[in-house]
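Model the placement of chain B on the given structure of chain A, informed by the hints.
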Amino acid sequence: MPTDQKNYKKVAYYPGCALEGTGHAYNRSTKAVGKKLGLDLVEVDNWNCCGAMEVKNVDPKIQTYLSSRVMSITANEMDMDVVMAPCNGCYHNLKKAEYELANDKESAEVVERLSKEAGHETYKAGQVETIHALDWIKHTIGEDGLRERVKNSLSGMKIANYYGCMYTRPRHIFPEKDAGPGSESTYRPHFMDDLLEAAGAENVEFPLKTACCGGAHTLSDSDMSTKLVLNILRAAEESDAEVIATECPTCHTGLEMHQIRAEKTLGVKTSVKILYFTQLLGLALGLKPRKVGIQENISSSTDFLKEKGLA
Amino acid sequence: MHTRSLHDIEKQLEELIAAPCAGFDAGDLLRMSEEVLEHWVQAHRQTPTQEKREGFRLLALHRQGAKDDPSFNACRETCRELVYHYNLITMEPDHPETQKRQRLMIMVANHLFLFVGGKLQVQELGDFCCASKPIRQSMDSRPTGTETTLESS
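Those protein sequence lines, which keep their order, are chains A and B. Every letter in the first sequence is one number past the one before it in the numbering used here, and letter 17, counting from 1, is 17. Every letter in the second sequence is one number past the one before it in the numbering used here, and letter 12, counting from 1, is 12.
In isolation and in its complexed conformation, chain B is listed as follows:
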């Protein structure tokens, strides 16, 4: 299955934040979030799992991404909130708060994207994403414009 680039995901999320009701699709937003985690898993030279946990591939992907990396658990509840909102929206589509739930699901998805994107950019910083380690020093010493992009990892 095609995985959108992080750039495309960012653009799509920005469009959704600007106009949440236009083209909202809970299934696609969930899939987009899975793709964000696929980028993380692939950046660690692993194959994204096709398994599901509690009925959701997103949760299985999070578990795969967090293996041996406790700092990645900082997005555990974000993934669970996405699943929760997906369930709310799809199981009660006529609920009076559906539009609000859609807007919140977009923001939760955006948070996952920002968190994972940020961690990818500073990949292999300290255990709790703070303080530089040698890899960062070597990245910083490269000439401007040669940074490793997320897509090329």
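For reference, chain A alone in the conformation it holds in the complex:
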């Protein structure tokens, strides 16, 4: 089946830790958009942390196990074969675990041993397909499907689409990307651009769409994170964007927090708005701002959305 004609109408939903905390607006808007589009999200039962950065740095094989447990529950307890992870970190880690289990015997042995100790079935590579929220909407609804459903066009809104660094890297764990027509590009990703354009937005040429947001430096070197974020914000404004659309809770929170910090510590004010792509799609589909968690963002965009006739 061509990559652009998949059907993900009912998928297991793995929100991950961030979407229950700082990224709650992403959680809320993802669920609201899914409901509006008639897509069924079934939350993974008793899910655990994907291993994030912290566990991966202590012992990558433990991270592989933790991610494999999420996929094991999806396949063996929920009898589902697709899991959707909207967070770039979770998406990346599940994909990485899939790759490790398919290609590294030692990882497979560790996962088997730990799964037995934990008392659940061992996940076997290939049982589950991990997808991102962008794949979910792009492949199931598509641009034409979105155009048909748009009630409040994003027309007149200039958007810089920001994907962050984990959605496309490392390339070898994403075999479905760079796979010809209809597939996502790791060099210049475009799924978010495609969806928001279908909702009426004008995408700007944005050269830092996969650049590092400094998220991992936030605790060890906050000043560096602020400078990296400020550079992204300025580049977006230089590209004439009014909004930066995000699809990762770490990037999103970092952009919002360091936008404020840049003004306080460096005296540089930027006014570009930062919104999840699911919030923008939800508004375009006719959902009210509260339904997509606009009030949960750190920065207020209410006046801007009113100006655009979306609030």
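Mixed in with the good hints there might be a few duds.
In silico BS3-like pairs for lysine-lysine, Cα to Cα no more than 27 Å straight-line [to be verified]:
id	chain 1	residue 1	chain 2	residue 2
1	A	Lys9	A	Lys124
2	B	Lys100	A	Lys308
3	A	Lys9	A	Lys288
4	A	Lys177	A	Lys10
5	A	Lys10	A	Lys36
6	A	Lys6	A	Lys124
7	A	Lys158	B	Lys100
8	A	Lys36	A	Lys288
9	B	Lys100	B	Lys11
10	A	Lys177	B	Lys67
11	A	Lys269	B	Lys67
12	A	Lys308	A	Lys288
13	A	Lys308	A	Lys291
14	A	Lys288	A	Lys10
15	A	Lys269	B	Lys100
16	A	Lys9	A	Lys116
17	A	Lys291	A	Lys36
18	B	Lys11	A	Lys264
19	B	Lys52	B	Lys67
20	A	Lys105	B	Lys11
21	A	Lys6	A	Lys151
22	A	Lys61	A	Lys10
23	B	Lys67	A	Lys61
24	A	Lys177	A	Lys9
Source of the hints: derived by calculation from the structure; they are not laboratory data.
Chain B alone, transformed into the frame defined by chain A:
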């Protein structure tokens, strides 16, 4: 060929961001970005390559810098965007958007500088630049003011 210090590069980038049209030179900005990567390669006790990939030394240097260090690939597209903007600016100098392209190229170069500079400062942190490893602990335990500077690596 002389390699500017990271301090000088930072200063020059700040000046360019403040006044992008004054003294903009796409070739020099590309060279400056190569020098940023030279610092990274030299910090790993290697000799910066003089080879080119796809016609650009910057891309060869990135490849050299990313060998055995997957986290360094987080600046792969930044390098490619620099090359892309260099081509746009030099091949279409009279294009109506040239000034905008120049400003964006400066910001892409600045991002590369910030990313590499940040990684150099926390060199040998975790595989994906997060979480402390012993080397960081030993760096942090040094008396204030004795940190390893980028230039001295």
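Status of the hints after comparison with the structure:
1. A:Lys9 with A:Lys124: Cα-Cα ~24 Å, so holds.
2. B:Lys100 with A:Lys308: 26 Å, holds
3. A:Lys9 with A:Lys288: Judged against 27 Å, a Cα distance of about 23 Å means the pair holds.
4. A:Lys177 with A:Lys10: 22 Å, holds
5. A:Lys10 with A:Lys36: 14 Å, holds
6. A:Lys6 with A:Lys124: 22 Å, holds
7. A:Lys158 with B:Lys100: With Cα atoms ~16 Å apart, Lys158 of chain A and Lys100 of chain B stay inside 27 Å; holds.
8. A:Lys36 with A:Lys288: Given that 27 Å is the threshold and the Cα spacing comes to 12 Å, the pair holds.
9. B:Lys100 with B:Lys11: Holds, because 21 Å separates the two Cα atoms, which is no more than 27 Å.
10. A:Lys177 with B:Lys67: 22 Å, holds
11. A:Lys269 with B:Lys67: Not OK: Lys269 of chain A and Lys67 of chain B at ~38 Å, beyond 27 Å, violated.
12. A:Lys308 with A:Lys288: Holds, because 13 Å separates the two Cα atoms, which is no more than 27 Å.
13. A:Lys308 with A:Lys291: 17 Å, holds
14. A:Lys288 with A:Lys10: Holds. Lys288 of chain A to Lys10 of chain A sits at ~24 Å (cutoff 27 Å).
15. A:Lys269 with B:Lys100: Within the cut-off at roughly 20 Å; holds.
16. A:Lys9 with A:Lys116: Roughly 32 Å between the alpha carbons, so the hint for Lys9 of chain A and Lys116 of chain A is violated.
17. A:Lys291 with A:Lys36: 11 Å, holds
18. B:Lys11 with A:Lys264: 22 Å, holds
19. B:Lys52 with B:Lys67: Holds, at about 16 Å.
20. A:Lys105 with B:Lys11: 50 Å, violated
21. A:Lys6 with A:Lys151: Holds - the C-alpha atoms of Lys151 of chain A and Lys6 of chain A are around 25 Å apart, at most 27 Å.
22. A:Lys61 with A:Lys10: Between Lys61 of chain A and Lys10 of chain A the Cα gap is close to 30 Å, so the pair fails against 27 Å, i.e. violated.
23. B:Lys67 with A:Lys61: Holds, at roughly 22 Å.
24. A:Lys177 with A:Lys9: 21 Å, holds
Taken one by one, the earlier hints fail for this structure at numbers 11, 16, 20 and 22, listed in ascending order.
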